[in-house]
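Trainee: Here's the letter readout for the chains.
Protein chains: 2
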Amino acid sequence: MTDTVTISLDAMGGDIGPEVVLAGADLSLKRHPTIRYELYGEAGAIEPVLAKYPNLKSASNVHHCDISITMDEKPSQALRRGRRDSSMWKAILAVKNGDADVVVSAGNTGALMAMSKICLRMMAGIERPALAAIWPTLKGESIVLDVGATIGANAKQLVDFSLMGSAMARALFDLDKPSVGLLNIGVEEVKGLDEIKDAGTLLRQLSLPGLSYSGFVEGDDLGRGTVDVVVTEGFTGNIALKSAEGTARQIAEYLRAAMNRTLLARIGYVFAKQAFDRLRQKMDPRKSNGGVFLGLNGVAIKSHGGTDAEGFAAAIDLGYDMIHNNLIGKISSDLEIYEKSSANTGDADFAS
Amino acid sequence: MTDTVTISLDAMGGDIGPEVVLAGADLSLKRHPTIRYELYGEAGAIEPVLAKYPNLKSASNVHHCDISITMDEKPSQALRRGRRDSSMWKAILAVKNGDADVVVSAGNTGALMAMSKICLRMMAGIERPALAAIWPTLKGESIVLDVGATIGANAKQLVDFSLMGSAMARALFDLDKPSVGLLNIGVEEVKGLDEIKDAGTLLRQLSLPGLSYSGFVEGDDLGRGTVDVVVTEGFTGNIALKSAEGTARQIAEYLRAAMNRTLLARIGYVFAKQAFDRLRQKMDPRKSNGGVFLGLNGVAIKSHGGTDAEGFAAAIDLGYDMIHNNLIGKISSDLEIYEKSSANTGDADFAS
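Note that the protein sequences, when read in sequence, are chains A and B. When the count follows my numbering, it moves up by one through the first sequence with no breaks and lands on 355 for the last residue. When the count follows my numbering, it moves up by one through the second sequence with no breaks and lands on 355 for the last residue.
You can trust all of the hints, since none of them are fake.
Which copy is meant is left open, so a pair is good if it fits within one copy or across any two.
Only pairs whose alpha carbons sit at most 27 Å apart, straight line, appear in this in silico DSSO-like list of lysine-lysine:
#1 142 x 285
#2 200 x 77
#3 285 x 180
#4 99 x 333
#5 60 x 33
#6 159 x 180
#7 333 x 142
Derived from the structure by calculation, the hints contain no laboratory data.
Start from the sequences, fold in the hints, and give me the full structure.
Mentor: And the structure:
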């Protein structure tokens, strides 16, 4: 791979539109000057904004698309024949055709997942994709997946997630052998859905070289950063993620109210402003913006629909880092080792 | 019911032991002077502590038990014949025999659940118990259940949880018709496990007088306080609860670090100390200590095993409030109405 990373953007995506998408792209380009962009969307909306960013303009190709996928479209609607002229589909197609290395969109999550799955197709050996999130922890960052691509997962699929998540951790965090935990609940004997127990047994048996299996973790281990990769099925993962996001917003709200309540508190706030800024930065949801669809022949990144330029740039940076560090290659080579190992364990049920 | 509420305590429970249990009982007695206690545990350990609290002593009967259930005992071990002489079993049995109105224990959760279920038995019409937690929100408090009594729940069981949770909300929050939401994920078309959809349909059809069904809620609605009662099965509920607790601890840690980092921040902290104290109080996990087992013929309350006297007192207060406000009576009368309604809908599958 050359140093150039080509990123296709759905410029119409989300509630944000070209203004935010292009401002974000420009920010990211400043940090990674070798990025090239393929921009998909309504040329009449893109060009005037692009004119404001000369560097971005010279690093970009604009591809006009008449159609944009709206935020309330159902995946089934988005997959209809005519929607393949949409900016979202075209941006994904660019990855399939080799015109881009990674696609980033702030658009409709369900549509992006459905289109990516159909257009890029699953990697050989992977049964279903997962949406991976970067989770800020007391120790730094972890990867949590699946946070909502599908509901439910069997043991084999949880092992796939472990493998993809640890490849992503190696690509992003510069770790040789990330630790992986399976999310579970700690009540004795209730403990462990069968598929989670079986996945644990498999991970121990296989002892894959690209990850170190650490056993079960619980919900409070997420923020603690007990492991580098937390694996769960999409329903639970989505609830855990939103529950944590909600709690963070709730506490920020308490803090704001407490600091505004008395004159003394407001004076204190002025003295401690730098500390509060630091805290705000720590808690900034934009910094970890970007869910990654793993398991496809190509990387698709979902930015929050309501983010700003800084947040969208973080999603682009994430895409850049993963391509730069050869995420797909890492997953592929792990899969190969995994398939050999599972063949060797002789457990035909699990060696898909 | 007279004004007296009799509470049986497993004095040996948890990592805390008689010191904390009795200190908590004394605190709660100061707030509710009509409480009577039945204390179960090793008399030699209880009596010397009790001597320090004359008021508590005169409000209590001590019942010597040789055996205590340890924190690492599995529920199946705890259910063995000989364990029925344990302080935990005896404390639960007091509720069954009418010697106490409610039992509170900081002991082994799995053992407490298993013993309560066997000793108190399920209420007629309820298929499985649920562990309900009180969740601090931006609007006040909500009830979330099940947070870990069992894994999985079908539509009928989710409706049972809705009914029990709303009875608890009416007992605790002085509401006539609490709003109830079913926890779900918001990705279109992935949206909704069948049992959750079916439970929603049922709740709409039945239109029970004791609750107002508000539809699906997502993980971030928990902290927002969108509804008074959030219903989910035990695996997801446990992960959501611990994920939120972990996030709260994580942010408290960030805040502490930020406020200690520079001299200015420390000066600011001094000015804003009152505000921080207020925040700390808002976030104090002891205030909402106490998981409630719902669905049994009697109320059993699980306090956190590692709490202090203030936390244990909160669990006792919770028990007091629920008995004082006739929780079991509320659930029973709701169940009656529910059974009539479901008979009327003619949906034999759901009218158990």
